[in-house]
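Protein chains: 2
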Amino acid sequence: MQLSDLFTAQMREIPPPMWGPGDSNGPSRIALAFGDADPTMLPHEDLIGAVAEVLSSDLDGALNYGPTYPGLVRVAAERLRRQGIGATEQNTLICYGSTQIIGLLPQVLIAPGDTIIVEAPTFLGAVMQFRRSGARLVGVPVDAEGMDVGALETTLAALRAEGVRPKIIYTIPTFQNPTGATMPLGRRLRLLELAIAYGVLVVEDDAYNDLRFRGDAVPPIAALDTQGWVIHLRTFSKIFAPGVRLGWACGPQALIDRLAMCKVEGGSGPLMTRVVAQFAQDGRLDAHIAELRARYSEKCDLMLAAIAREIPEATTVRPDGGFFVWLRLPPGVSATALVPVAAQHGVDVLAGPRCYADSSGDEYVRLAFSYTPETQISAGIARLGAAIHSLM
Amino acid sequence: MQLSDLFTAQMREIPPPMWGPGDSNGPSRIALAFGDADPTMLPHEDLIGAVAEVLSSDLDGALNYGPTYPGLVRVAAERLRRQGIGATEQNTLICYGSTQIIGLLPQVLIAPGDTIIVEAPTFLGAVMQFRRSGARLVGVPVDAEGMDVGALETTLAALRAEGVRPKIIYTIPTFQNPTGATMPLGRRLRLLELAIAYGVLVVEDDAYNDLRFRGDAVPPIAALDTQGWVIHLRTFSKIFAPGVRLGWACGPQALIDRLAMCKVEGGSGPLMTRVVAQFAQDGRLDAHIAELRARYSEKCDLMLAAIAREIPEATTVRPDGGFFVWLRLPPGVSATALVPVAAQHGVDVLAGPRCYADSSGDEYVRLAFSYTPETQISAGIARLGAAIHSLM
Numbered sequence: 000m001q002l003s004d005l006f007t008a009q010m011r012e013i014p015p016p017m018w019g020p021g022d023s024n025g026p027s028r029i030a031l032a033f034g035d036a037d038p039t040m041l042p043h044e045d046l047i048g049a050v051a052e053v054l055s056s057d058l059d060g061a062l063n064y065g066p067t068y069p070g071l072v073r074v075a076a077e078r079l080r081r082q083g084i085g086a087t088e089q090n091t092l093i094c095y096g097s098t099q100i101i102g103l104l105p106q107v108l109i110a111p112g113d114t115i116i117v118e119a120p121t122f123l124g125a126v127m128q129f130r131r132s133g134a135r136l137v138g139v140p141v142d143a144e145g146m147d148v149g150a151l152e153t154t155l156a157a158l159r160a161e162g163v164r165p166k167i168i169y170t171i172p173t174f175q176n177p178t179g180a181t182m183p184l185g186r187r188l189r190l191l192e193l194a195i196a197y198g199v200l201v202v203e204d205d206a207y208n209d210l211r212f213r214g215d216a217v218p219p220i221a222a223l224d225t226q227g228w229v230i231h232l233r234t235f236s237k238i239f240a241p242g243v244r245l246g247w248a249c250g251p252q253a254l255i256d257r258l259a260m261c262k263v264e265g266g267s268g269p270l271m272t273r274v275v276a277q278f279a280q281d282g283r284l285d286a287h288i289a290e291l292r293a294r295y296s297e298k299c300d301l302m303l304a305a306i307a308r309e310i311p312e313a314t315t316v317r318p319d320g321g322f323f324v325w326l327r328l329p330p331g332v333s334a335t336a337l338v339p340v341a342a343q344h345g346v347d348v349l350a351g352p353r354c355y356a357d358s359s360g361d362e363y364v365r366l367a368f369s370y371t372p373e374t375q376i377s378a379g380i381a382r383l384g385a386a387i388h389s390l391m
Numbered sequence: 000m001q002l003s004d005l006f007t008a009q010m011r012e013i014p015p016p017m018w019g020p021g022d023s024n025g026p027s028r029i030a031l032a033f034g035d036a037d038p039t040m041l042p043h044e045d046l047i048g049a050v051a052e053v054l055s056s057d058l059d060g061a062l063n064y065g066p067t068y069p070g071l072v073r074v075a076a077e078r079l080r081r082q083g084i085g086a087t088e089q090n091t092l093i094c095y096g097s098t099q100i101i102g103l104l105p106q107v108l109i110a111p112g113d114t115i116i117v118e119a120p121t122f123l124g125a126v127m128q129f130r131r132s133g134a135r136l137v138g139v140p141v142d143a144e145g146m147d148v149g150a151l152e153t154t155l156a157a158l159r160a161e162g163v164r165p166k167i168i169y170t171i172p173t174f175q176n177p178t179g180a181t182m183p184l185g186r187r188l189r190l191l192e193l194a195i196a197y198g199v200l201v202v203e204d205d206a207y208n209d210l211r212f213r214g215d216a217v218p219p220i221a222a223l224d225t226q227g228w229v230i231h232l233r234t235f236s237k238i239f240a241p242g243v244r245l246g247w248a249c250g251p252q253a254l255i256d257r258l259a260m261c262k263v264e265g266g267s268g269p270l271m272t273r274v275v276a277q278f279a280q281d282g283r284l285d286a287h288i289a290e291l292r293a294r295y296s297e298k299c300d301l302m303l304a305a306i307a308r309e310i311p312e313a314t315t316v317r318p319d320g321g322f323f324v325w326l327r328l329p330p331g332v333s334a335t336a337l338v339p340v341a342a343q344h345g346v347d348v349l350a351g352p353r354c355y356a357d358s359s360g361d362e363y364v365r366l367a368f369s370y371t372p373e374t375q376i377s378a379g380i381a382r383l384g385a386a387i388h389s390l391m
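Same order as they appear, the protein sequences are chains A and B.
Residues 0 to 391 (numbering that gives the first Met the number 0) are what the first sequence spells out, left to right.
Residues 0 to 391 (numbering that gives the first Met the number 0) are what the second sequence spells out, left to right.
Careful, some of the hints might be misleading.
Where chain A lies over chain B, by a calculated footprint (3+ residues, C-beta under 8 Å) [as the list claims (entries may be wrong)]: (1) 26-36; (2) 102-110; (3) 236-250; (4) 296-307.
Now the in silico label distances, taken between C-beta atoms and shown as ranges [said to hold, decoys possible]: (5) Q375(B) <-> D215(A): 55 to 61 Å; (6) A293(B) <-> G133(A): 50 to 56 Å; (7) T39(B) <-> P66(A): 20 to 26 Å; (8) E12(B) <-> E88(A): 37 to 43 Å; (9) I288(A) <-> T7(B): 33 to 39 Å; (10) T335(B) <-> P20(A): 35 to 41 Å.
It is worth saying that the hints were derived from the structure and are not from the lab.
Ideal Cβ positions, reconstructed from N, Cα and C, are used throughout, including at glycine.
Make the full structure from the sequences, and use the hints.
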């Protein structure tokens with residue numbers, strides 16, 4: 000008898016780990032591949048202060064057994080209500096990063112072979128989670144205004160003709176990862192209308208929502224939804240620090256209850272939930288977000304200016320927020336061929352195919368301006384330009 | 000069309016939440032029901048110090064995206080190697096509390112109807128997790144030397160006669176929750192022999208391992224296992240603070256790899272894993288454990304003395320460590336009847352049936368000496384005595 004006999008049928012074969020070597024910003028080259036936070040903006044002193052405050056005022060609550068701090072649920076729900084989302088303490092779930100929610104959603108919704116509609120391109124972490132679940136991923140193109148809702152309608156109709164009712168439409172409508180595009184109100188309304196008509200859950204990943212550089216806010220799709228077809232995902236990673244591993248979801252109660260059940264460890268820890276709530280509650284978080292917007296806006300402008308100067312043959316669309324510039328390479332240059340050449344030139348970028356469920360997009364690279372110091376952004380783009388020109 | 004149509008078949012109906020109101024120590028009565036840590040022993044200053052040290056030395060590593068800190072994996076593995084377990088950085092997995100591991104194990108091993116052998120009585124959290132998975136739970140009695148391995152053999156043989164190969168034998172061999180019993184070496188060897196002969200995974204939950212008051216350490220079952228049939232669970236909850244939500248598992252690589260895959264959020268956070276490693280690395284953790292042993296030993300003695308004085312008709316077995324005294328009530332007194340009467344007298348205790356998969360054990364209550372201040376333990380036992388005597 001072998002131990003492996005005891006594994007369930009689905010667990011006999013397992014895929015390789017989701018993240019591999021090189022799937023984070025490394026120190027040896029200029030790092031433009033991954034959307035880590037700006038290290039100079041990480042709230043060092045504020046975090047130590049918040050820990051000390053929490054432990055002084057509520058040591059037993061923070062360090063003993065206990066649930067997610069309800070005060071953080073209130074903070075999270077209140078931030079959503081400001082934007083018109085009907086969030087309550089009941090329908091808001093704190094998780095270990097919004098990645099955990101993206102990972103738990105298939106446990107509630109996906110049987111192998113079920114269909115998930117994703118943007119093309121989209122967030123590679125979500126693609127990996129969805130693929131793990133055995134889902135069939137169907138891409139809908141993104142243009143300068145986000146997901147093409149006309150193409151979405153065609154896709155939904157075609158699937159219906161096959162007898163397929165998709166389970167999820169996964170969208171990043173605001174400062175999309177990787178394109179930076181923001182979906183205007185009209186498209187959001189149409190997307191919601193289609194989702195309801197076809198009976199599909201909208202997973203609105205709004206990780207970058209608070210990081211707007213210019214222009215007016217567009218209502219979240221969840222704020223437009225009166226019938227309970229949208230789950231809205233947010234994260235403290237982009238507005239406080241990724242390392243605290245806290246995000247949240249707000250959605251239909253039946254779905255939130257099931258996600259909470261699949262979260263086998265129960266809450267998200269009494270300590271860090273108190274620490275983040277402490278930081279958020281007296282206006283420090285909003286002040287910090289204002290500083291982040293200014294900083295990331297500057298870095299974005301710096302990158303776009305460098306691209307215009309160093310790689311005039313490339314095409315970009317200026318994002319109104321977020322972490323990324325999506326760069327269309329000069330004709331004939333392949334992203335897959337470029338990435339190792341760029342690395343030889345001393346800069347890391349992400350090949351477009353990493354962002355597509357079907358591995359297309361070889362004419363694009365994703366550039367993150369979030370992580371690398373201002374002083375290195377121009378140098379990084381110059382190196383990338385040299386690498387591109389060496390391939391032309 | 001309804002949203003609920005989209006849920007997978009298993010997710011249509013969901014059970015009530017695992018933990019309910021009253022499933023933690025409350026402030027209004029003397030709290031002897033739940034095994035929370037002693038609040039006066041929570042490492043307040045050390046924790047703030049460790050956070051400051053970590054953020055000073057490795058801000059980007061601690062607060063940006065990143066995996067579980069490998070330094071904590073090394074700390075965890077090294078603690079197991081000291082006890083003869085063949086732990087490496089590869090076969091040791093850090094989780095959000097050992098509860099998360101107990102929750103993930105069924106995802107790898109259990110299809111509905113599969114059998115899990117548990118001790119009778121055992122840890123109620125594990126029973127809830129296992130029951131959730133649709134497993135059939137079969138209890139094997141515990142006596143003053145832990146699980147009765149003769150009864151285990153009978154059970155395994157009877158199941159084999161039914162054509163059933165159980166998936167898991169779940170045991171807490173050291174300072175068992177709730178009985179406090181410790182399994183001697185001979186029984187551990189026999190349990191392992193039976194597990195191998197019948198091809199069943201041993202889940203050795205050794206949460207209380209480090210909290211020995213007296214007597215010599217007994218080798219963990221995992222240290223006796225040369226054939227890869229044991230997964231060993233530990234936690235920082237009992238030796239540092241429950242609120243950091245960090246535990247670990249060491250076991251057969253194929254099982255650890257699958258648990259890591261089911262842990263959809265990836266690592267257990269770059270920040271808290273660094274903070275706990277910082278505290279552990281320079282001897283502070285071992286010094287702290289020595290203080291905890293002394294404190295909990297005193298509190299245990301205080302409770303046993305109070306029981307002898309106040310409830311001489313009750314029976315207890317002195318534990319050699321851990322958090323609990325398991326009290327056999329005087330003949331004719333029902334734990335289920337007693338709990339509300341005790342609450343009226345101003346003390347909370349846990350009814351025995353909460354610790355049995357089959358809800359038997361109405362002649363027992365579990366008393367935790369870990370949480371309540373020394374000054375209140377005697378008063379709590381006096382109140383319990385009065386409640387018991389009112390029912391006799």
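- [ ] Go ahead and decide if the range 20 to 26 Å is satisfied by the Cβ distance of T39(B) to P66(A).
- [x] Given range 20 to 26 Å: holds, Cβ gap about 22 Å.
Open item on the list: Just to be sure I understand the hint, the distance between the Cβ atoms of A293(B) and G133(A) should be within 50 to 56 Å; is that true here?
Closed with: holds (53 Å)
Task: Coverage assertion for the segment 236-250 of chain B with respect to chain A, Cβ distance below 8 Å, three residues required - done: holds (count 6)
TODO: With 33 to 39 Å as the target window, see if I288(A) and T7(B) comply at their CB atoms.
DONE: Holds: the Cβ-Cβ distance is about 37 Å, inside 33 to 39 Å.
Open item on the list: Is 55 to 61 Å respected by the C-beta to C-beta distance linking Q375(B) and D215(A)?
Closed with: holds (59 Å)
Task: Outcome of range test on Cβ distance (T335(B), P20(A); 35 to 41 Å) - done: violated (56 Å)
Open item on the list: Verify the CB-CB distance for E12(B) and E88(A) against the hinted window 37 to 43 Å.
Closed with: Since E12(B) and E88(A) have Cβ atoms about 24 Å apart, the given range 37 to 43 Å is violated.
- [ ] Mind taking a look at whether chain A covers the segment 26-36 of chain B? Criterion is 3 or more residues with CB to CB distance under 8 Å.
- [x] Held - the segment 26-36 of chain B has 3 residues with a Cβ nearer than 8 Å to chain A, which meets the minimum of three.
Open item on the list: Just to make sure I understand the rule, a stretch counts as covered if three or more of its residues have a C-beta closer than 8 Å to a C-beta of the chain. Does the segment 296-307 of chain B meet that for chain A?
Closed with: Our answer is that it is violated, as 0 residues pass the Cβ test (under 8 Å) against chain A, missing three.
Task: Coverage assertion for the segment 102-110 of chain B with respect to chain A, Cβ distance below 8 Å, three residues required - done: holds (count 7)
Hints 4, 8 and 10 from the list above are not met by this structure, while the remaining hints are.
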